[in-house]
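*Asks:* Produce the entire structure from the sequences given, and follow the hints as far as they go.
Just so you know, the protein sequences line up as chains A and B, in that order.
Numbering-wise (my numbering), the first sequence opens with residue 244 and increments by one.
Numbering-wise (my numbering), the second sequence opens with residue 244 and increments by one.
Hints are computed from structural coordinates only; laboratory data are not their basis.
Be aware that a few hints might be false.
Copies of the same chain look alike in the list, so a pair counts if it works inside one copy or between any two.
What the hints assert, rightly or not - Computed list of lysine to any residue pairs in SDA-like fashion (alpha-carbon distance at most 25 Å, straight line):
#1 K445 - T326
#2 K364 - Y303
#3 K434 - D285
#4 K417 - K434
#5 K355 - E248
#6 K255 - Q402
#7 K445 - L328
#8 K393 - R359
#9 K255 - Q327
#10 K421 - S432
#11 K417 - Q336
#12 K434 - K445
#13 K355 - G415
#14 K417 - H435
#15 K252 - D422
#16 K434 - Y419
#17 K255 - K434
#18 K417 - Q402
#19 K417 - R431
#20 K252 - D438
#21 K393 - I423
#22 K421 - P334
#23 K421 - Q259
#24 K417 - S432
#25 K256 - E392
Single-letter residue listing:
2 protein chains.
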Amino acid sequence: MSTPEEKAKRHKKRMQARKKIVDAGVAKSLEERGIVVLYTGDGKGKTTAAVGTATRALGYGYSVVVTQFIKGVWECGEKQLLTQLPQDAYPIQWHEMGTDFTWETQDFEADKAAARALWEKALAALRDESVYLVVLDELTYALNYHWLEKQEVIDAIQQRPPQQTVVITGRGAKQYLKDIADTVSEMRSIKHAFDNGVAARKGIEW
Amino acid sequence: MSTPEEKAKRHKKRMQARKKIVDAGVAKSLEERGIVVLYTGDGKGKTTAAVGTATRALGYGYSVVVTQFIKGVWECGEKQLLTQLPQDAYPIQWHEMGTDFTWETQDFEADKAAARALWEKALAALRDESVYLVVLDELTYALNYHWLEKQEVIDAIQQRPPQQTVVITGRGAKQYLKDIADTVSEMRSIKHAFDNGVAARKGIEW
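*Replies:* Below, the structure is given as structure tokens:
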């Protein structure tokens, strides 16, 4: 065992080394612009992180537009909270596909039409300089199911106002989405309560 | 190319198969209790997902306690928003270590004392039946730096009220944390805007 003094010394050294790295990183990072963040993978936390980002942006009074490409008629606590705040201080728009889960409806054309209608709203936000954050929740489904045109989506994201940030979520993001993203996090499921017979929890998972 | 009819048929079949799996899962999952969620890995989205969960729980009026074991004096949009809501409708407590980033202070004993003081607040929440969600943000640092006693933390989490959910975040979670968690998501960094010279963005990353 090392003495407390030795421990404190080692800790100080480690923290000094860390400070050097952090400071160097901060000095290097200078470009101020909006980014494209992609949360993909099969683990928990993708939509939840998008919700966290919306809360964060809204906390500074930035204008947020949320579009959800699958969970149309799903009740959720975050929508309940964020959409009932005073709009002048916390400007948020929340749009859904408005259909049931796609594996309930089983109707390609109806799903596609609903996704297209929602995309028009996303598109308007992606062209609007006053919008600081656009969330495209579960966009990967809409692309992978071919409800939306891949190139149209890429173009709209790339041609958005430079100060606007886009957060995209969903499993199975294809390489072209990773290519246009600045930050990509892949949520890997190590384990999930659901697999061990625990119900999805209100206020935690929706 | 397949005809629209063939495509619609294939889609319907796929969705029917999916519905079967989803329904079976829902039928199987019956236990109603709080869970332990662990967000770890080096990718973006851990604290952000914890914030999303807090927003979600608060949206239903559930009582939330957030403790942040590192980012003490870090300004953040989510805190700004969530802590200024009417407390009777949205009961949240937000506690921080109140020191600077640990690589700025470089003082083991001071950091440890601050972490211990914060842990006392977390402990009170973990014993309080009226608290629905406890966030232990960046807890892995406090454990890995040996600011807190590992066994004390494990015990407190395992002995919490059964309806309470705990969300733990931080890089480098050890196996014992994964063992006590019901759901573990590992955020893998595929790429990060910061590495390409883009500054961390207000309202997006803090």
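*Asks:* So which hints don't hold here, by number, going up?
*Replies:* Hints 6, 9, 11, 15, 17, 20, 22, 23 are the ones this structure does not satisfy, whereas the remaining hints hold.
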